[in-house]
Amino acid sequence: MAIAMTRRQARRTKSAVVLLGLLFFGVWTLTPLYWIVVTSLKTNVAIYREPSLIPTAITFESYNFVLTKTPFLLYVRNSFTVTIVTTLLSMAIGTLAAYAITRLHFQGRQWVARAVVVTYLVPASLLFIPMFQVIYTLGLMDNMVGLMVVYLTFTVPFATWMMIGYFRNVPFELEDAALVDGCSRVQALARIMLPMALPALAVVALFSFTLSWNEFLYALVFIGSDSQKTLTLGLIGLVRGDTFPWGPMMAASLLGALPPVVVYIVSQRWVVSGLSAGSVKG
Amino acid sequence: MTQGSQVFPAGGSVAAPRPERVTSTSIRLRHQLGRDWTTAWLFLLPCAVVIIGLIGYPFVSAIVLSFQAKLVGAPATFVGLANFNELLFGRDVGTAFRQSVWISIFFTVTSQVMKLVLGLLMALLLNETFPGRAFVRGIFFVPWAIPTLIAGLTWKWMYDGTQIGLLNIVALKLGVTTDLIQWLGNYSLAPWSVVIAVVWASTPFWAMMLLAGLQAIPSELYEASEIDGADVFQRFANITMPGISNILIITLMLSTIWTANSINFVYILTGGGPANATMIFPLLAYQVGVAGAQRLGMGAAISLAFFPLFLILIYFLTKRMLAEEQ
Numbered sequence: 010m011a012i013a014m015t016r017r018q019a020r021r022t023k024s025a026v027v028l029l030g031l032l033f034f035g036v037w038t039l040t041p042l043y044w045i046v047v048t049s050l051k052t053n054v055a056i057y058r059e060p061s062l063i064p065t066a067i068t069f070e071s072y073n074f075v076l077t078k079t080p081f082l083l084y085v086r087n088s089f090t091v092t093i094v095t096t097l098l099s100m101a102i103g104t105l106a107a108y109a110i111t112r113l114h115f116q117g118r119q120w121v122a123r124a125v126v127v128t129y130l131v132p133a134s135l136l137f138i139p140m141f142q143v144i145y146t147l148g149l150m151d152n153m154v155g156l157m158v159v160y161l162t163f164t165v166p167f168a169t170w171m172m173i174g175y176f177r178n179v180p181f182e183l184e185d186a187a188l189v190d191g192c193s194r195v196q197a198l199a200r201i202m203l204p205m206a207l208p209a210l211a212v213v214a215l216f217s218f219t220l221s222w223n224e225f226l227y228a229l230v231f232i233g234s235d236s237q238k239t240l241t242l243g244l245i246g247l248v249r250g251d252t253f254p255w256g257p258m259m260a261a262s263l264l265g266a267l268p269p270v271v272v273y274i275v276s277q278r279w280v281v282s283g284l285s286a287g288s289v290k291g
Numbered sequence: 096m097t098q099g100s101q102v103f104p105a106g107g108s109v110a111a112p113r114p115e116r117v118t119s120t121s122i123r124l125r126h127q128l129g130r131d132w133t134t135a136w137l138f139l140l141p142c143a144v145v146i147i148g149l150i151g152y153p154f155v156s157a158i159v160l161s162f163q164a165k166l167v168g169a170p171a172t173f174v175g176l177a178n179f180n181e182l183l184f185g186r187d188v189g190t191a192f193r194q195s196v197w198i199s200i201f202f203t204v205t206s207q208v209m210k211l212v213l214g215l216l217m218a219l220l221l222n223e224t225f226p227g228r229a230f231v232r233g234i235f236f237v238p239w240a241i242p243t244l245i246a247g248l249t250w251k252w253m254y255d256g257t258q259i260g261l262l263n264i265v266a267l268k269l270g271v272t273t274d275l276i277q278w279l280g281n282y283s284l285a286p287w288s289v290v291i292a293v294v295w296a297s298t299p300f301w302a303m304m305l306l307a308g309l310q311a312i313p314s315e316l317y318e319a320s321e322i323d324g325a326d327v328f329q330r331f332a333n334i335t336m337p338g339i340s341n342i343l344i345i346t347l348m349l350s351t352i353w354t355a356n357s358i359n360f361v362y363i364l365t366g367g368g369p370a371n372a373t374m375i376f377p378l379l380a381y382q383v384g385v386a387g388a389q390r391l392g393m394g395a396a397i398s399l400a401f402f403p404l405f406l407i408l409i410y411f412l413t414k415r416m417l418a419e420e421q
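Protein chains in written order, with our numbering: chain A, 10 to 291; chain B, 96 to 421.
No lab work stands behind these hints, which were simulated from the structure alone.
Hints may contain errors.
[Said to hold, decoys possible] According to the in silico footprint, chain A covers these stretches of chain B (three or more CB under 8 Å from chain A):
hint: 1; segment: 317-324
hint: 2; segment: 358-372
hint: 3; segment: 378-392
hint: 4; segment: 399-407
The C-beta atom is built at its ideal place from N, Cα and C for all residues, glycine as well.
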């Protein structure tokens, strides 16, 4: 079904369609985000008594409440701790493993690569029940260290997988030259591969950070005390019985969403290429 | 390797030649296992610990648990297929489980279809050139970057059934309705409300992946086709769709595994209600195994119920993702 149109008509239709699309997705994307910001800046009275889309008065009382009257900052610190440790560990473990899989010659190489991908795909909702027992036995219940251990289950396979994809695209010749010169494997890795793989390392760091920061299920299952709670779990703790104090909760939500959003914006370019490179080879 | 130990290191790099006792056994061993065997397993050890100890062992443990009756802190009793029997034919947990099968299927299929359509539209849109495109791309991907729990909380607030919930405010203002709508409290409406929230947060991931696929299609193909007289729909069907089919299938499989198993949104939006209207199976597993009666064996059985399906997806995904392995 060919539609007869002049070039100019076609272009104008296209511009109109693009504009419509931008409007639709713009509203679709921004409405909830707008609502978070607006609610966090409204007075309590305004939130509950005056349903309005645009705030008539702006106040920071919700932020004040969250930052001074709740353990929010403690939760943030816990999240940072768990996230940073998990990220660093997974970068190290993943890089070493990926190097071995792509560069070293040993029996079973393909099976290890397969195992990495398969474990990356095993869902947390399957693992959390037996993990309950593992963490319990290790004595790490209600402990941030327990979370660090458990988070490795999704960051390490992902990190390894990313680095495999990246290392595969680095030509052999560079290292071979160094190895012939007498470099050990570790040196070849450190001096030649790593500097070349910085973009991949950046992607791994970002994803590990985001995945760990945003994680909720394991935290819910393993953590009970305030002193060990991460941000996502702590947010739920702001609920009093059946009442959701929406002002403070939206303020806390905005603050809690900032780190991963900032991290994402800063590294946008790498994220997109990293994601697709990780799932589609070559 | 034996050659290397005789070459003197060239400027800068330092490596002491490694003395080796070359016996016939070690030659044969190395030949069989691969010449870098020892180094490789040293490098792989931490990863292996994680994969075997933190994923493999719990996975096997889940299977074992599903054949046991086990409460937290109590010793386990082997019960064979009793758990599965109860799920298929029993009351209470069994009824809830059978209901959750349908809800899980509805939830997953509906979300995936919406994500595919919206994700593709968004990707096509973002593939066009227009002023401020980089900025717009950044903004459109934010829903995916924020923690799912926070996204869930926000939608819960938007769905509030009182007159201060955003959607009710808008609905009343637009005159669509005169009553307050219980977006999350209405038995038929709640599942759709949850789906919309999930789609909002996950569409950017689809758009990202499909956009990468779109960008990989050479523009010459479109130009040649246009010269040949193909209209926009023909170009889409014959060039665009085949071009992104691989990444679309990968995204679909990945997203299905993740969506079917995600409990964050349902947990915070409805907790499975009203009256189990949104109780997808992973949430039921959580409630039975951890939150409520803490029947670990039964919880494991519920978690495993769908796993054969995911195993099939995992098998095909692994094949595709490793497609260019040497």
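Outcome of the hint check:
no.	hint	in the structure
1	317-324	violated (count 1)
2	358-372	holds (count 4)
3	378-392	holds (count 5)
4	399-407	holds (count 3)
This entry does not satisfy hint 1, going by the numbered hints stated previously; all others are met.
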